[in-house]
Structure formats: structure tokens, C-alpha cells
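The primary structure of each chain is shown beneath.
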Amino acid sequence: MKNKYAYIQTGGGLERKEQPIDPLSKPSGPGDQESGPKRPETDSPSRDNLMKRMRKVDPKQAEKYRQRTGE
Amino acid sequence: MHNRIFGIETEYGLLIKADQPDVSPSWVARRIIEHLFGQKKHGVIDWHYRGHDEPPGNGGFLLNAGRMYVDMGHLEYASPECHSLWDLVAVDRAGDWLLQDCLDELGLSELVSIIKNNIDHETDATFGCHENYLVTRDFPFTYQGLGLLMPFLVTRQVFTGAGRIGMARSVDGWISLDDIEGRGGDRSRGSAEEGVLYQISQRPDYIVNDFFEWVQHNRAIVNTRDEPLADPERFRRLHLLMGDSNMAEEATLLKMGTTGLVLQLIEEGHAPQGLDFDDPVQTLRAISHDSQQKWMVTLSTGQHLSALDIQEQFWEAADKHYAGQDEETDWVLAHWESVVKDLRQGYQAVVGRVDWASKLSLLETFREAEKLEWDDPWLKSLDLEYHNVDPQAGLYHGMAEEGDAPRFTTNDLVELAKGQPPRNTRAFGRSEIIRHIVKEGWADFIEKAIGHHDPRRPPYVINWSVLQLQGSPAFVMADPFRSYVQESRDYCDEWSSRPSMESLPNKPDI
Chain A
256 MKNKYAYIQT GGGLERKEQP IDPLSKPSGP GDQESGPKRP ETDSPSRDNL MKRMRKVDPK
316 QAEKYRQRTG E
Chain B
5 MHNRIFGIET EYGLLIKADQ PDVSPSWVAR RIIEHLFGQK KHGVIDWHYR GHDEPPGNGG
65 FLLNAGRMYV DMGHLEYASP ECHSLWDLVA VDRAGDWLLQ DCLDELGLSE LVSIIKNNID
125 HETDATFGCH ENYLVTRDFP FTYQGLGLLM PFLVTRQVFT GAGRIGMARS VDGWISLDDI
185 EGRGGDRSRG SAEEGVLYQI SQRPDYIVND FFEWVQHNRA IVNTRDEPLA DPERFRRLHL
245 LMGDSNMAEE ATLLKMGTTG LVLQLIEEGH APQGLDFDDP VQTLRAISHD SQQKWMVTLS
305 TGQHLSALDI QEQFWEAADK HYAGQDEETD WVLAHWESVV KDLRQGYQAV VGRVDWASKL
365 SLLETFREAE KLEWDDPWLK SLDLEYHNVD PQAGLYHGMA EEGDAPRFTT NDLVELAKGQ
425 PPRNTRAFGR SEIIRHIVKE GWADFIEKAI GHHDPRRPPY VINWSVLQLQ GSPAFVMADP
485 FRSYVQESRD YCDEWSSRPS MESLPNKPDI
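Residue numbers (the working numbering), protein chains in the order written: chain A, 256 to 326; chain B, 5 to 514.
This is chain B alone, in the form it adopts within the complex (with noise of 0.2 Å):
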């Protein structure tokens, strides 16, 4: 898509279905990263400390040039750097494929469930699924400039919302001596018992602020970290942590897409004006827990709007300046006004498309078929397996595969891209160094070494933005939108020239 690189990381939940003391998340976490970088060398493992919370062995890049990591408990995939919408719905899809495929050849399918979600219904933990959006660096990242962006991101939940059973009870870091004492507390923004029975989204009850830079306890709708992970003379990057995982493959590419052209519209000069909400983190939470669907907002200036309208002028600014932008661009466009039009006519005519929708779509359906109450246990079970990324057994695959969610790419595509990157930015350079380090043995060299290897002086250092092997300069690919192919050739050819593996320093003695 026009003048952006997009990138996904998705933290997945782990469902321990059995009653088994000695099988937790983390233990099939360490099992999953072990088994992908150990046995099936899909990438090599980090060998050096990264910041204070992820240790030699933690996780590593992969093949695809993602990179998949235990963090704070949970399996983490941070997709590639893509140019294309349709790599990103690939890339994201080949990070479920690849969970699954370890939990399978670890013979621990039946025992586990990978869950792209983003809440737990029993603790309230919540977990993410963070965008990141290249964006110049003149762009305009001050309250004033970020805040075009606020009612659109606001809004756009009718469409990129995943739904979910009930609410949060309390928010992190709040808790009252009313909850500790069972009075109730904070439930009184919204509970089950008061008819919050299912919203649209899942993030909106974590999220206390508008923006704020750290990403846990005071999360934000708009986060503004300045670690642009590439030339910062040149990129900034926007990190949002307020969205769901997406299921469906048209809700990744519409919530991509359309906020790269809202950016677009803010960087130059053509974004709605006069939409500000004077609580935009309120208005966030009611629209999701709005159970009639009408998501009506009040405006600073008192003027009240759907969230639909509100979508409907972002949209009119974007098709008035970049329809015919590209081929990307008038697929987003003819997509997203579709889907505001349909969502007009009642959740049941995107079924399929949008998350929430077809969530409630299937326990609506099975909860007449089987008289359950809203609060039954077995619907906030069913809440779950929605998002469980295996085929066989998810509620969005069966859709899927009855034809009745549609696909935007192939499974032959999803499985190449398990080990493809894209090859249109920089993606692709640091994917061929990757694949260097396996074909050199030094992927089996590290597992031998382990307990043996001093972290201080790795053999090689990958990085978002640079890399380096033993015995060679940095490799800096500051251009995300370059794919560094003849340079990484070149550096890997150069390293390859270099004294043989038994003569470099670090060598251990195993």
C-alpha cells in the first residue's frame, strides 16, 4: 500500500484443557520455542540479553524474518515488515499455522489450545495484538495531529471489534475495597448483571487513557513510544495497542488498511476535522458495551453522530483524495464502505467479515438450539474456541470452511509465507541472513553450545533494524522499505570467506 510498511505482534493465550498440575503456559510455551528453533531450525534462536526481560534463548527470528518470543507468559509472533496488505494477511495467518503445526508434532494438540484472543473470562487478564504503522518522520506526533486520529480510532471497532462474552470486572491497577469486600465496587460502569451481556470489543474495558507511552497498566488508545526500530531521522513508528486479534482475514486487512489512510489523511492535510469527543476513552467502552448496536457518541460541540457516521466521513475524505491510489487503496475503499453500509442493515449482514458479528452470529444460533442463558459457562466457552487457530477444531476455521467467512488469501500462500518473507522490504535482506546463519550449521553449533556459550559474545546478533556476525562489520538496514537483497548476499557471502567457524575466538569446546 501506498508509502507504508505495516507490521502485526500478537500475544496468544494457551488453553491447558486437562486437569494436569505439572503442563502449564509457560512450560508449552518453552516447548513450542525449543521444538521450532531446536528440532525444526525454522529460524535461529536470540543468543544475547534482550533489554532486562528476555534472556539468551528467549526466542529468535524466524525464516519469514518475523520473530516469535515468550513474553511476559505468552507466545508472542511479530510478523514481518510488510509493504502489502495481502502479505499481512498471509504473514499473520502463518503465525497461527506455525504455533500449530509445533503443538501437533509435539503430540500436544489434545492436550493444548492456541487462543488468538484477548482477554481471559475468569482473571481478566488481558493480553495484545499491537499494529505498527511506518510513518514519515514529519508526521505529526503531537497531541494536536494524533488527536485526528482519536475518533476514528474510536469508532472503527464496529468493524475491527472480535466480541466477547460480559466485561472486565476492574481495570488494572484499580481495585476498590468495594470489589476486595464483594460490594460490587466498579461494577457499576457496566456488568453482566446490568446487561453488558456481550460488546463488540475486547480491549476497551483495559484501556484508561487517551495517550500515554508505556504499553501495560495505563494502556492507550494511542500509544507514543518514539522507537521507530529504523532510521529515526527519517520514520517514526505508531504502535497501537487498542485493537483485537482478528479472525477474519477481511477484518485484518480492513483495520490495516484503513487506518494507514487515516494516517495518510493526517501526514497530509485532509483528515476530518471537529470530531473530538471530550472523553474518548468513555465513549471507546460504550460503544462496545452498546448492546443496541446504534453506538451513538456526543461530540465536544454537543452534535450527536453514530460511530457509523463518524466512519462515513473518514471514509469520504479518503476515497475524495486517494481513490485510485493503487490497487490496495481501492480495495480498502470499496471494502470499508461496504461494510459501514452493511453494518446500517444489522450485524447479520457482515457475518463473516467482522468478528463481533460472527461471534454472535454462532451463540445466538446455539444458544436457542440448546435454551442457554447468557451466562451460561458454555458460551464463554465457545467465546473462546471461536479464536482457536486450529483448524480442525476453531469456530472461525468451521465458518470458514463451510464458505461462510470469506478468505483473502490461500492456504498455499499462508504456508509459504511460514517460511518466505516478503520480498519487498527489508524483510527480505534480513531473511537471507537468517537463512545463512541455519545453512552454515550455526543453528545446530548454538543448540550443542548451550550451557557452554557466553551470552557476553554472541555469534551473531539479529535485530529489527541491524544484524551481526561474528567476525563481521553491522549489517544496518535503516529502510524498511528496501529489501537489502544484493547487500545481504554480499555481507553473507563475505562472512562466509572468512576464517572457518574453529578459528573464531568464541568457539566453545564441546
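Bound-form chain A, shown alone (with noise of 0.2 Å):
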């Protein structure tokens, strides 16, 4: 997808810039696209990859979480 904004230099640093530019292209209907991310293989290296962060996690992580309740 194309972004509608693209930043620009100015004399007052980077700016947003609406862009009158390319239009945003609908998707393709789930039967004739790939239709988003599947699940990855397990053996992928992007899976690799996130297994890897998701080991870092320490297991107990969750019981130190305690937070306020809000609203």
C-alpha cells in the first residue's frame, strides 16, 4: 500500500505532506491472493527467529506483572 503522506525537508525541519499520489490499491479477494500471512512453518528462519525472542521471555514474567486498574 501506498502511504497518502510522504515527509519533506523544510526550513522548519521535516514535515508531513499530504501527497496527492498513488491510490491505495484494494486487496484481492481471499480467492485469488495469498491472503495475508499464513502461519509460518515452524522450521522458517522467520520462525526461528521469533522462537528465539520467544525463549528470552522469562517464564515468570507474568506473575511480577501487576498493574492498577484503570479504566
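The set of hints was computed from the structure by calculation and includes no laboratory data.
Just so you know, even glycine gets a beta-carbon here, dropped at the ideal spot from N, CA and C.
Among the hints, a few may not be true.
[What the hints assert, rightly or not] Derived DEER-like restraints, expressed as beta-carbon distance ranges:
(1) Arg321(A) x Glu320(B): 16 to 26 Å
(2) Trp378(B) x Lys307(A): 15 to 25 Å
(3) Trp31(B) x Glu318(A): 43 to 53 Å
(4) Lys307(A) x Gln24(B): 24 to 34 Å
(5) Arg321(A) x Gln396(B): 20 to 30 Å
(6) Lys307(A) x Phe485(B): 41 to 51 Å
(7) Asp282(B) x Lys307(A): 45 to 55 Å
(8) Gly306(B) x Ser301(A): 39 to 49 Å
(9) Glu231(B) x Arg321(A): 27 to 37 Å
Bring the two chains, given one by one in their own frames, into a single complex with the hints.
Encoded structure:
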């Protein structure tokens, strides 16, 4: 998807500027597309990296997460 | 998006990872606020009382015209007003990054994680992600009018839910003798041991009413308070607190975009009829708890439908009336249709786009690899880590980094949105005045004045619809659709041409 806004350098620094540019492309239907990311294969490189992230998580950290009730 | 202003308010959780009794979430929140406004000058701190629960120095408005503050012990970020959904997704992520930047700069990131979720598993606390939609004063704020919104809100969780392990043990305000005596009590409505191992949304266990005007204890599906924060003769603000904090950008866009379109259907008399539930609160909860993900519901008419069928009816009405309305509407319509169709194939078809599905996929993979049972505490810890806003650690961010979660903004735009407001709403005018205050050195002045300043005569007051600098008249921004670009610059120029700060009566002797 193309973004509607671009950022430009001006005298006042970076500014966001609305661009009359490429219309957003509609996704095609699920029948004629890959229909978004699927659950990756367990042995894929991306899943390896995610597994590494998950294994780094302290198994007990949820017990330390004690919050006040908010709104 | 056509005729709509959007905003999101996020309450963050703070995870203290080490066992350090002198480091509490409230201490970390204070350090971050002081760093953000005092050291970084990334906005201007409020120097007046905001209601009874916000003393001076509790928070302030940011350069991007949003607000960062402490609310009920939580860091809370209120986004600036956005007319565009693409702006909204950028400023929403910018709030995460502003906080993570502070944590990194304070050297606290090894000790603390910022968690963008809505529950803790240990104490059953909940905290919100509130959505704001500006509607016209003519919007039917009646039980009948808002009732048309109810079936949409109850069922949209199939693509807006953030997912969680287990369920809350008891709702606020209801502690039964059975609970106290350990006999289970309210657990009869479902618990981990009864099969709610994982549910698709975090907030349904805490929603106990269909309509109500307050935001804590007795939370409702539709909050009915009338606080437009704009011209009350022209506008109302629909404030929803039943949704989850989303990590997936597509989920954020769909949550806000589809709700905006359904509000338009109601405003213009095109909303689907006859989809009422006898008990919307129980239906909301039952959909979230349904481990089979069939999401079948019974209407007041006795008809049985699935949540997806109901979403499809709303989509059909919106597509019929608003296709071609503008680019963002077309994007929302296309992705709404796609996600509902894909959900019929199973949750794996929407991994990366829908938070509960992404999290479930990660948990299932990890559980299988490590041979863990569903009640293993490690899975709760991973549940939290999905919401860690640190791109180097958070599991959602890990998926995005690997290309498994589609992005709809860019890191450059998020970086920009940390300090720049949307340019086509009144956020722009507010930001101009905030910048002027910072440029004129008032932020430094205030910092030095701590302990000397009289909060009854603050040098400035900034609010969503009105601002005032000491020595100048109030600057009113009653129309959120206007940028007030010229008026705000003129206001600043006039203020600067007034007598210098030294001659103002409130200058402290420092």
C-alpha cells in the first residue's frame, strides 16, 4: 500500500505533506491472493527468529506484572 | 476519512522485570513524564489542576498535539485528533515509541518493559484503550439509535480482539463469598479449568453493562457520557472503552475505520435492523470465550447467526452506500470484506493482521515446541511479551520484522509523528502554540519554577478545545476539522509582542 503522506525537508525541519499520489490498492479477494500471512512453517528462518525471541522471555514475568485497575 | 475525526487513548502497563522493591510502576511513570517534558522538552507540562485527580505536573501536551500523563497509576497517551486513518495509525505507534525512547534514554529498558495490553493475569486488573469518534450533534444518542451500533460492537472483536490466556476471575465490584472462601464462586461462568484457555478479546470479562456514562466500575459496551471537547452545539464525541489495545496496524485501522463507517450508517439511516441481542453483555463474553471460534449467537428474534454473518451484514450496508466515498473508505471496505471472508477459513488465514490470531499462532507453535500445557506460566509471559512496545523484544514487532505482519505506516512516518501533528485538524493549531511556548523558553522557565510557582495562576492553560497564554485572551478551537493554522500563528505573534516575561505579574523570584 502506498502511503498518502510523504515527509519533506523544509526550512522548519521535517514536515508531513499530503500527497495527491497513488491511490490505495484494494486487496484482491481471498480466492485470488495469498490472503495475508499464514502461520509460518515451524522450521522457517522467520519462525526461528521468533522462537529465539520467545525463548528469551522470562517464564515467570507474568507473575511480576501487577497493575492497578484503570479505566 | 469522510466526515470523521478519530482519536485513541491508550493506558500502558509497566512490567518491572527485576525484584527491586524501590522500583514501582508509578515511580517509573513519574521518571518518564519528567524526562519527556523536563529533559527532552517534547511538549509542555500542565501547570494547573485538571480535575481533582490531576495535580500540576501530572502530564502535558506533546509537540504532536497529543497528551501524555499519568492516569490511575498508568501512563496514558491520548493521540492528537486525526481526520485520516493513516495519520491515526502513525500517531498511535508514535506514542509507543516516545515512551520506549524515554525508557532507553533513562537506562531503564533492561529493568522495565512497557506493555500495551489491557489486563494482568495475576490480579485481574484491567485498563483501557479508548476510542473517540466525533459525530454530529444530530447523531441519535438514544437507546434506539445507539442500539443499532450494539450488534456491530459485540461482534467486531473477531478482528479487533487482542487475545489473552484465560479469563478474569471476577468483575470489579463483585466479590462473592464463594470467591473469598475459595469455593470458586463466580467461576461458574467459565474458567481455565472449564475450558477458557484462550479467548479472543481482553475486555469482555470486564464489561458489565450495555449503556452507561462512567468509565470505571460498571464499564459499558457504549459509554454515553456527553463530553464533546468541541462546540457542543455542533458535535458529540462517541467514547468507546470496550475495545482492546491493538498491536497489528491492520487491526487498528479496521477497528477505527469500520466503526466510523457504521456510525455513518446510523447517522444516515442505513444501518441494518433486527440484529438485537437479548443480552449483549453475555453475548460479547460468549463470543470471546468460544474456543471453537464458531461465534454463533442468538438474536432476540430467535434467529441463529454467527458473528461473521453479522459483520457481513454491516459490511454489505456500508459497501452499498459508501463504496467510492473516498480512498480510505474504499480501503476499509476492501479489508473488512477480506478479513471476514478469511476468518471463515480459520484463524491461521489472518495471522499478522488480527492480533488474537497472531498471538494464538505464536503460542501454539511455542507450546508444541516446548511441550507445554496451556496452564504453564510461560505462556502467560509470552502473552504479555506480544504487547511489549520495544521493537527489539516484543513478539508482535518480531513478526513485523520478519514480514509476517503487514505494515500500513513506515518507521519514518512514525518517527515524524512523534513530533509533528496531523496537518488537517485543530491538532495543528495546538501544536503551533505548544512549539511557541517551548521556543520562548517557558518550558525551561517552568522547570526552574518548580516549588515557586503559584498553580492558581499558571502561565498557560492548554486543553483540547481552548488554550490561553498568560496575558492573552483565550484561544478557542471549537471545530476539530479546522487546522487554525493562521489564527494560532497570529496568536503566538501577538503574545510575543506583549511585555516580556520579566514584566508579567506571575514571574517567580528565582
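Hint compliance check: list the failing hint numbers for this structure, sorted ascending. 1, 3
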